[in-house]
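J.: Read off the chains here:
Protein chains: 6
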Amino acid sequence: MSLNKTGNIQNFLGCDASYDDANVVIFGAPYDSTTSNRPGTRFGAAAVRGDSYGLETYSPYQDADLEDKHIYDAGELELSFGRPEPVLDVIENATSQILADGKIPLMIGGEHLVMLGAVRAIAKKHPNLRIIHLDAHTDLRQDYMGEPLSHATVLRRCHDILGDGCIYQFGIRSGTREEFDWAKKGHTHLQKFNLAGLVELVESLGDVPVYFTLDLDVLDPSAFAGTGTPEAGGISFMELLNVIILLKRLNVVGCDVVELAPNIDASGVSTAMACKVIREMLLAIS
Amino acid sequence: MSLNKTGNIQNFLGCDASYDDANVVIFGAPYDSTTSNRPGTRFGAAAVRGDSYGLETYSPYQDADLEDKHIYDAGELELSFGRPEPVLDVIENATSQILADGKIPLMIGGEHLVMLGAVRAIAKKHPNLRIIHLDAHTDLRQDYMGEPLSHATVLRRCHDILGDGCIYQFGIRSGTREEFDWAKKGHTHLQKFNLAGLVELVESLGDVPVYFTLDLDVLDPSAFAGTGTPEAGGISFMELLNVIILLKRLNVVGCDVVELAPNIDASGVSTAMACKVIREMLLAIS
Amino acid sequence: MSLNKTGNIQNFLGCDASYDDANVVIFGAPYDSTTSNRPGTRFGAAAVRGDSYGLETYSPYQDADLEDKHIYDAGELELSFGRPEPVLDVIENATSQILADGKIPLMIGGEHLVMLGAVRAIAKKHPNLRIIHLDAHTDLRQDYMGEPLSHATVLRRCHDILGDGCIYQFGIRSGTREEFDWAKKGHTHLQKFNLAGLVELVESLGDVPVYFTLDLDVLDPSAFAGTGTPEAGGISFMELLNVIILLKRLNVVGCDVVELAPNIDASGVSTAMACKVIREMLLAIS
Amino acid sequence: MSLNKTGNIQNFLGCDASYDDANVVIFGAPYDSTTSNRPGTRFGAAAVRGDSYGLETYSPYQDADLEDKHIYDAGELELSFGRPEPVLDVIENATSQILADGKIPLMIGGEHLVMLGAVRAIAKKHPNLRIIHLDAHTDLRQDYMGEPLSHATVLRRCHDILGDGCIYQFGIRSGTREEFDWAKKGHTHLQKFNLAGLVELVESLGDVPVYFTLDLDVLDPSAFAGTGTPEAGGISFMELLNVIILLKRLNVVGCDVVELAPNIDASGVSTAMACKVIREMLLAIS
Amino acid sequence: MSLNKTGNIQNFLGCDASYDDANVVIFGAPYDSTTSNRPGTRFGAAAVRGDSYGLETYSPYQDADLEDKHIYDAGELELSFGRPEPVLDVIENATSQILADGKIPLMIGGEHLVMLGAVRAIAKKHPNLRIIHLDAHTDLRQDYMGEPLSHATVLRRCHDILGDGCIYQFGIRSGTREEFDWAKKGHTHLQKFNLAGLVELVESLGDVPVYFTLDLDVLDPSAFAGTGTPEAGGISFMELLNVIILLKRLNVVGCDVVELAPNIDASGVSTAMACKVIREMLLAIS
Amino acid sequence: MSLNKTGNIQNFLGCDASYDDANVVIFGAPYDSTTSNRPGTRFGAAAVRGDSYGLETYSPYQDADLEDKHIYDAGELELSFGRPEPVLDVIENATSQILADGKIPLMIGGEHLVMLGAVRAIAKKHPNLRIIHLDAHTDLRQDYMGEPLSHATVLRRCHDILGDGCIYQFGIRSGTREEFDWAKKGHTHLQKFNLAGLVELVESLGDVPVYFTLDLDVLDPSAFAGTGTPEAGGISFMELLNVIILLKRLNVVGCDVVELAPNIDASGVSTAMACKVIREMLLAIS
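Residue numbers (the numbering used here), protein chains in the order written: chain V, 1 to 286; chain C, 1 to 286; chain L, 1 to 286; chain U, 1 to 286; chain P, 1 to 286; chain Y, 1 to 286.
In short, the hints are calculated from the structure, not lab data.
One or more hints might be untrue.
You can't tell identical chains apart in this list, so a pair holds if it fits in one copy or across any two.
[Claimed, not checked] Within a straight-line C-alpha distance of at most 30 Å, the following computed DSSO-like cross-link-like pairs (lysine-lysine) qualify:
#1 185 x 103
#2 192 x 103
#3 184 x 103
#4 184 x 69
#5 185 x 69
#6 248 x 192
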C-alpha cells in the first residue's frame, strides 16, 4: 500500500498543504493490538483530527501560526489487526516514502509499538540516529509473555537497531526491576520521574539526527487521563511544552505522539491536550 | 463469621465445585486483538464473573438452581496480545484437558476468534461435530485484510476443519455479498435475520455432538449494547432463552459465549444479560 | 458559500463517487442552536460518517450494495451558531445547487429545523410537494417561546409553504393539546403512535414528488437512545426498515435524517443505527 | 418577564397547585441504604423533577393534561442514611399527614424499602388494603443477610401487616427458590414473567382500597436500564402504560414509583421514561 | 419532621434569604446557543444548585459561613434558544431590577455571551465600570462566522460599550493572532497565561465599580474538565481562590461564573468546583 | 501452560502469600450505606484488586518489589447493607483475628465509617494508639441527622475511644464551623489544607503504635476524581507518596485506604491511583 498523496479533506487543523509543498507530513497509525491493559489507541489519530477544530491555529506560546506552515496530513494508514509484523511493514514503508521526498514524518498513534516501523525506516537513512523518549514506562523488556514485538518492548527493539547509549529516556516511573537494572548498565540513558538533564542533552546533541517519541502517558494522569495505563506522578503540560519548544534547536528527522485512547477520557480533555501538543510540535519542527 | 484464610476465590456465581467433581468447566479467554472495530471484549469474562453476584442462582424459567449443579470455574486463561497463533494454542490445550477429563467446556470470550481454539480441540475428539452458531455476522471471510485468523473469518476456519454442511448459522444480518453467496452454495446452513428452522434442527440432530457458539451480538442492540459492532434488527432475549433451553435436548460437547465488551455499555445491562444467559446455559447443559 | 464539489476523503461508507457521477448527494447540517432540551445533534453527521466504517456496504435486507451505487458525500456545510436565518439560507442554497444538477439531496442533521432550508429549496422546484414525516413530536407550534424558527415549529413552517393536507405525520406521541387539535382540523394528516396507513399512502401518491423527513426519535428509545428528547412508546427498527424500503416506490426528491445526538448514547448503538438507516435509505432512493 | 422575587420553586412538571387545593401530593424519598447491588436511587426523585421539563403536560394516550389537574409537589423528604427505621418513620409520618388531609400520596423513590413507610400509614386507615405490585423481583425474603428491613424483604414486611392473599405480584422473574415456593403456598398472588390476569383482577377489586407499587425494574432493561439490578425478560412500556390507565378504574389510595437510579443510565432514557410514567399515573389517579 | 406544605424550594446552598432581605441575588442564565464547540452550559446553573448540597456552608479559607449572609436565589431565567438578542434583553432586564433594588447580581451561566446582558444593565448605572476578566480565551473577535453576538466576541462587545483600557484580562492562552494583536494596541489589558499584575490592579482600583467575569475555563483542565473547549496550561484552584478573596477589597457591582458544562465532566468534579467557587465568591462580595 | 485446577484466585497484585506466611493481611470492606452524598465505595476494593494487574510489582520510588514481600489478600468481608452496627462487628472481628495472629491489617474501603471497626479492635490491643488521619473532611460531628454512626462522625467516635490529643488530622479543608472549633479546643490536632508538621510528628512518635487512615479524598480532585464528595484544594500524589514512605519509620499496627468510588471516575485514573498508593503502603509497612 502506498501513501495517500492526493489529499485528505479532513486534515488536522491548518494542515492543508499539498504533499509536494509540505515539509512535514502527518499520518495516523491506528493499531493497538499488543496493548496489554485497556485498548483503544487505534482511535487516537482520528479523534485528534476531528477535535483539532476546537483549537486555534495560532500559538501564543511560540507566537507562530499553523497557517504560515506547510504541512500535509495523509490521513490514516490502512493497518490490519492482530499480528504486528505486517503493520510495522506498512509504517516503515510510509515513513520511507516521506523521508525519500525530503520531508519530516509526524506519526500519531496508536500504541507505542508503531514507533518501531518509523525507527526502522529512519535508522536506515540516519545510522547515527538518537532517540529522545518521554514516557511513564521503560518499554525495555526483552519480550512480553513470549512476544518480542509489543508496546512493552518497543524501546528494546530500537536498542537492537541503534545499540548502547543512543536512547535518552525521561519521566520514567514504571517498569520491572530488571528493566531499570538493564538501563542502568548503560544500555540507555534513563532519567527516572522527571526531565532533569534534558536541556543539557539538547545543547550537546548539535546536528545529530534525532527521533522524538512522545508517549503521552508521561504526563500526569490529572492532565491526561485518556490512556490505557495511567501512572500517577507524571510531568505537567507546562513542563512538556518547554521540551517541545526545545525541539527547535534539534535536528528532528522524525517524531511521534502515541498512546492517546480517546474513549477512556470521556471529557475530551485528553484529546484536546493531544491536539495542542501536536500543534506545538508542528510549529517547533516545521 | 470468621476470616477466610484459605484463599481469595472469585467464581462465577454458584460455580464453586472442585475441578474433580465438576461436569462443566468454565474458563475465560481474554483476547480481542483481531477486533476490527471497537475492542474491549478482553474484559468480558472478568466482568461477568464480578457482576454474576447480582443474579440469583435459581432460574424460574427452568425451575432449576446452580446450587444443585457441579460446575468449576477455572478463571482466566493467561493469553498474550497481538499474534493469534499462540493464543489459540493455549485455548486448544485447555479445552483438550477438560475434554480428556470427561467434562464439558464453556468458554467466555473475548472476541469470536477464540472459538477456533476450542473447536480445534473438540473436533479431534468428535470428528462428526456440528456447530450451531448464533450471530449477527457471517464470519465467513477467507481472510480479513490479508489475515486468515480473525474474528471475521472464524467460522470459515471452522469450515476448513469440518467441511460442508456442518455449520448452522442463525440470526445473521451483516456480511459481505460474497459471504452470503458462499454460504448459499451449501457450505453452511445460513438463516438470515431470525431463528427459523432451529427447533426442527434440534429435533433432527439426535445424539450428534454439537458445539454451540453464541456471539451475543445476535441479540438486538436494544437488549445488548455492549459489543463492538452492534447491528440493529436482532433477536430478543426471550427468543434466545428459548434456544438455550433447547440445548437440553442436544448432545452439547462444548460451547462459548463471546463478544461482550463490558465497558461499551456503561449501564451494566449487557453484562447482566450475559450473566443470565450463562446461568441458563449452565443449567441447560449440566 | 458554495457546495464543496471537489471531493471529501472522509465519506460516508461507500459514497465515493465524484459529484458529477452521483445521483444522490449527502451533506451534513451541523446546527442545533434552537434545541430546547439537550443539545448535541451538531455532531450527528460527523459521527455517522466516522462510524459508518463499522458497517458493510451490502444490505441483506435489500440484497443491494452501496458499491454499485453512485453517491457523493459533500461533507459538512459550514454553518454558524445562534440565529437560524443565515443557517437556513446556507442549507437552502446547497439544496438548490444539488437540485439544479438533477440529483437527490440527503441531508444529515443536526436538529429538525435544518429541514426547513431543504424544503424551501425543493418546494420552489416542486410546488406540489408532499412531506412524509416520521417523528415522536408534532413540531407544529406556531412559535416556541416567541421564536417562529425552532425545532418545535418546523413542520408548521413547512405547512406555511405547502398548505393544508400536504404533510403526512406518523408515529407522533408528544405535543401540546393545541398542536394535536390543530392537526385534527385537517391541516396535516397526523397518525398517532404508529405507522397505520402508511402503506396505503405510498400506493396513493404515485409520482407526486415527496420529501421524506426522518426524525430518528420516532424510534423507541430502547432502539435509539441518542437523541435530545427520548419518548417511550416508539416504533421498532424493523418497522422503520419496512418504511424505508417502501421509498423505492415513491418519487423521493429529497430527504433527511435528523436528531441524532451521538454523545448522548455513549454505547454507540444510536450512531450505528443511524448509519444502517442511512445505508438502507441510500439503497432505496438511488 | 420580570424577575421571580417570591421564591425559587422546582416542581414536577405541571404540579404547581397549592397544598390545600391539591388532591394528589407527590414527594420524594431519597433513600437507598439497603440496596445490595448498585446504589443510586436516592437521586431518582430529584432527577425526575429536573428532567420532567423535557416532557409535555398533555398526554395523547389519555387525552388529558396535567394543567387541568391539582397536584402539589412537596419536594424531597429529609431522610438520613444507614439505619432504615428512622427513615421509615419519616415516610410513614408524611404519608399519614397527606391521608389525614384527604389526599392521595404518590411517592417517588429511592429503593423499594421506602414503600413500607407508606403502607404502614395507609394500612392503618384502610385495614382492607390490597397491594398491586409490579416488579422483576419477588422481594419476599424473611430477611436479607440477617436484616429484616431491606429492599429484598419489603413485600414480606407488607405481608406481615396485611396477611395472606392481599398482595398481587406481576412480572416477577427473579428470586430465590424459597421465595417462589412461599408465594405458591397462597401467601401472595404471584404472576411470573408477565401481566396475565391483571385486567381481571382490576374488574374484581371494585371499590377495595388499593396501593399500587411500581418497581420500574419490571420493565425490560432495553426500555429501562437505569436501575441497580436490571433483569432481562421484562415488560414493555406499552404494557405498563395499559396497566397505568387501568388505575382509573381502581380506588387507588396511595402509590409509588421506585428504583430509578438515574446515574446508571447516562443517556437519560430511564429518567425520561420515569417522568412519562409518573405523568400518566398522575393523570390516571387524580 | 412535618411535611413541607408551603412550596418546594431549591436554592443554592444556604441562599434562602427573602428577596427583600438579600444584598446579593443569584440567578441562572441557561443559554448556550452560540457555543461553537461542545454545547451544554445551559445546564450549568441547575447542576450547581443541585450539587451545592454536597458542600458545607462554612469556608475554612475565609472563616465565614453562608448562613450568616443574606442571599436570594431567583432560580433560572426563562430564556429561549437560538437568536441571542431576546435572551440578552431578558438578562439585561433582570439585572436592572436587581440593581434598582440596590443589590449585587451574581449570574451563573450558560455560555459567556450572557455576560453582555448584565454588562449592558450595569454600565448604564455605572458608566465608569471596569471589567476583570479571567478566561482561557480572548473573546475579542469582531464577529464569529459573520455573527457579532457570540461567546467568541463578548468582550469585544463589552469594549464597544466601555471603550479602551477598561477591561483587564488574565490567564488568556488561546485566540487568533489578530485578537492578541488588537489587545496589544491598548484596547484591553491582556495578561497572557497567568495572573501577574492582578494584586497590583486591585490595589489601584480603589472604589471604581468593577464587574468580575469568571469564565471557568481559565482553570487548568486537570482541575476543571467540564467545559466545552478545555485549554491546557491554566491556573490552579488555589490561584483562583486567592483572586476571589481579593474581591473583598473591590467595589464589585456585579459578577458572573460561566461556561460550566456539567455533563462533559461525568465525575462531578467540575460542578463541585463551581459550587465551591461560587460559595467563596458569595462570601467575598456579600 | 496447564489449566488451573486448584481454584480460581484473584488477589491484589503480588499478594499471594499464604495466610500463615504473611505479615500483612489485606481485606476489603464493601460498605457505603451511611454515605450522604454519592454512594459507590462498596465497589472500591474489588475494583482495586481487578485493576492492580495494570501495575508493576516493583516500585522505583522505594526500590522494592511486592514479590519480595509476604502479603495475604483475604478478599472481601461479607457485609450487609443498611444498619452500621452489624457491619462494624464483622470488621472488628476480622481485625482482631489478624492482630491475634501477629499480622498487620490493611483494610480497603468502603466508606470511612468502616475504620471504626478496625480501630475498636486495635485500641483493645494497643490502648496507647495514635491515629494519623489524612482527609479533606473533618469527620468530627457528634451525629449526622441524628445518627451517631456515620462517615461524617467516624473520627469523633474514634476520639470517644482514644480521648484528647491522640488523633492527628492533615489536609482538612471541609467541615462545619462547629467541627473546626471543637478540634481547636485540643480534642484533635487538626492541620488545615496541607501536611505541615507531619514530618516532625513522625520523628516524635517513636515506637508508639499508630493507625494510619487514608481517606483518598485528601488528594486534589484533579488527581483523584473517583470519590463521592470531591473537594478542590487538596494535596498532590507526590506529597502523599512522601507521607507513605515515612510510614517505614513508624510502628504501624493497622491502616486503611478508604473512599474510592470507582464508578465515579470512568477513566480509571482514580482506581489506578489507589492501586499505586496501596502498593507503596504495602512496601512501606511490610
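J.: Please go over all the hints and tell whether each is borne out by the structure.
T.: Each hint tested on the structure:
Taking CA atoms no more than 30 Å apart as the test, residue 185 paired with residue 103 passes in neither setting, with 36 Å inside one copy and 39 Å between copies. For the homomeric pair residue 192 and residue 103, neither the shortest alpha-carbon distance inside one copy (33 Å) nor that between copies (34 Å) is at most 30 Å. Neither within a single protomer nor between protomers do residue 184 and residue 103 lie at most 30 Å apart by alpha-carbon distance, with minima of 35 Å and 36 Å respectively. Taking the shortest alpha-carbon separations for residue 184 and residue 69, only the inter-copy value of 24 Å comes in at or below 30 Å, while the best intra-copy value is 41 Å.
Taking identical chains as interchangeable, the C-alpha atoms of residue 185 and residue 69 lie at most 30 Å apart only when they sit on different chains, with a minimum of 26 Å there against 42 Å within one chain. For a Cα distance limit of 30 Å, the shortest separation of residue 248 from residue 192 qualifies both inside one copy, at 24 Å, and across copies, at 22 Å.
Consistency note: the structure conflicts with the earlier hints numbered 1, 2 and 3.
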